[in-house]
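These protein sequences, in sequence, are chains A and B. My numbering numbers the first residue of the first sequence as 1 and each following residue consecutively. My numbering numbers the first residue of the second sequence as 113 and each following residue consecutively.
Think of the hints as simulated: they come from the structure by calculation, not from any bench. Incorrect hints may appear among the rest.
Negatives, chain B to chain A, calculated, CB over 12 Å [to be verified]:
#1 121
#2 156
#3 168
#4 180
#5 184
#6 225
For lysine-lysine, the following BS3-like pairs were computed, each having C-alpha atoms within a straight-line distance of at most 27 Å [said to hold, decoys possible]:
#7 A:57 <-> A:71
#8 B:183 <-> A:104
#9 B:174 <-> A:57
#10 B:156 <-> A:71
#11 B:139 <-> B:183
#12 B:163 <-> A:57
C-beta: ideal position from N, C-alpha, C; glycine also.
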Amino acid sequence: KNQVEQSPQSLIILEGKNCTLQCNYTVSPFSNLRWYKQDTGRGPVSLTIMTFSENTKSNGRYTATLDADTKQSSLHITASQLSDSASYICVVSARGNNRLAFGKGNQVVVIP
Amino acid sequence: NAGVMQNPRHLVRRRGQEARLRCSPMKGHSHVYWYRQLPEEGLKFMVYLQKENIIDESGMPKERFSAEFPKEGPSILRIQQVVRGDSAAYFCASSPTQGDWAKNIQYFGAGTRLSVL
Numbered sequence: 001k002n003q004v005e006q007s008p009q010s011l012i013i014l015e016g017k018n019c020t021l022q023c024n025y026t027v028s029p030f031s032n033l034r035w036y037k038q039d040t041g042r043g044p045v046s047l048t049i050m051t052f053s054e055n056t057k058s059n060g061r062y063t064a065t066l067d068a069d070t071k072q073s074s075l076h077i078t079a080s081q082l083s084d085s086a087s088y089i090c091v092v093s094a095r096g097n098n099r100l101a102f103g104k105g106n107q108v109v110v111i112p
Numbered sequence: 113n114a115g116v117m118q119n120p121r122h123l124v125r126r127r128g129q130e131a132r133l134r135c136s137p138m139k140g141h142s143h144v145y146w147y148r149q150l151p152e153e154g155l156k157f158m159v160y161l162q163k164e165n166i167i168d169e170s171g172m173p174k175e176r177f178s179a180e181f182p183k184e185g186p187s188i189l190r191i192q193q194v195v196r197g198d199s200a201a202y203f204c205a206s207s208p209t210q211g212d213w214a215k216n217i218q219y220f221g222a223g224t225r226l227s228v229l
């Protein structure tokens, strides 16, 4: 079973609307959680990184939340733009090693 | 300051040939990570290297795959006697130091897409 599960697998939203992506993880002991954006044919680009003590972090129109007790995170995209069409990947690292556990991604398509 | 550079971007090999994927980390970064992404799957860790040292290769297949990060030059991921199942996107990432892991972001290259015919 994957240590990082994301939902929904894919979604289509209208330009200008908001959306929220979910990430549940089982990685333990927890160190930090990151959200990456991966455009088609490109490498992932970091959006946010949160440690155990942080429960929200924003990067422009992207806001990530973290509940370390329930092991859940969300990424909220406000006023979506066509350029937001991408895969959003939740990545969790365990304390004590350098390996990252990747979710399969939320595929977002923004349509005009 | 150039980002993580991977080449080639696309590589086509016939079964049984060798594939060599190159990764130049960002300037000042001494830690390199290789990941494999199969279609419809998340990235999977393969190997973590520092200059001239393999730190963690627990994600590498036991046979045919090897990686190095020499003192001079790029990191190389080498796949011998490729099979169709090796077809995937291979991503390299680099980070500056191991030190403060909580703040240590990995910067990814654009990937090499390997197709095995």
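Mind checking the alpha carbons of residue 139 of chain B and residue 183 of chain B for me, to see if they're no more than 27 Å apart?
-> Distance of about 14 Å is within 27 Å: holds.
For the pair supplied as a hint, residue 57 of chain A and residue 71 of chain A, confirm whether the alpha-carbon distance does not exceed 27 Å.
-> Holds: residue 57 of chain A and residue 71 of chain A sit about 16 Å apart, inside 27 Å.
Once the closest CB in chain A is found, is it more than 12 Å from residue 184 of chain B?
-> 23 Å, holds
Take a quick look at residue 168 of chain B and tell me if its Cβ sits farther than 12 Å from every Cβ on chain A, holds or violated.
-> Violated, because the least Cβ-Cβ distance between residue 168 of chain B and chain A comes to about 7 Å, which does not exceed 12 Å.
Would the pair residue 174 of chain B and residue 57 of chain A pass a check requiring their Cα atoms to be no farther apart than 27 Å?
-> Roughly 40 Å separates the two Cα atoms, so the pair is violated.
Do the alpha carbons of residue 163 of chain B and residue 57 of chain A lie within 27 Å of each other, as the hint requires?
-> With Cα atoms ~34 Å apart, residue 163 of chain B and residue 57 of chain A exceed 27 Å; violated.
Pairwise hint evaluation, residue 71 of chain A against residue 156 of chain B, where the allowed Cα distance is 27 Å at most | 21 Å, holds
Non-interface claim for residue 180 of chain B, where every Cβ of chain A lies beyond 12 Å | 18 Å, holds
Within 27 Å, alpha carbon to alpha carbon, are residue 183 of chain B and residue 104 of chain A?
-> 34 Å, violated
Evaluate the condition: distance from the CB of residue 121 of chain B to the nearest CB of chain A exceeds 12 Å.
-> Non-interface label on residue 121 of chain B violated, nearest chain A Cβ at 9 Å vs cutoff 12 Å.
Verdict on residue 156 of chain B as a residue remote from chain A, using beta-carbon distances over 12 Å | 7 Å, violated
Non-interface claim for residue 225 of chain B versus chain A (Cβ beyond 12 Å) = Violated: least Cβ distance 8 Å, not greater than 12 Å.
Hint check: violations occur at hints 1, 2, 3, 6, 8, 9 and 12; the rest are consistent with the structure.
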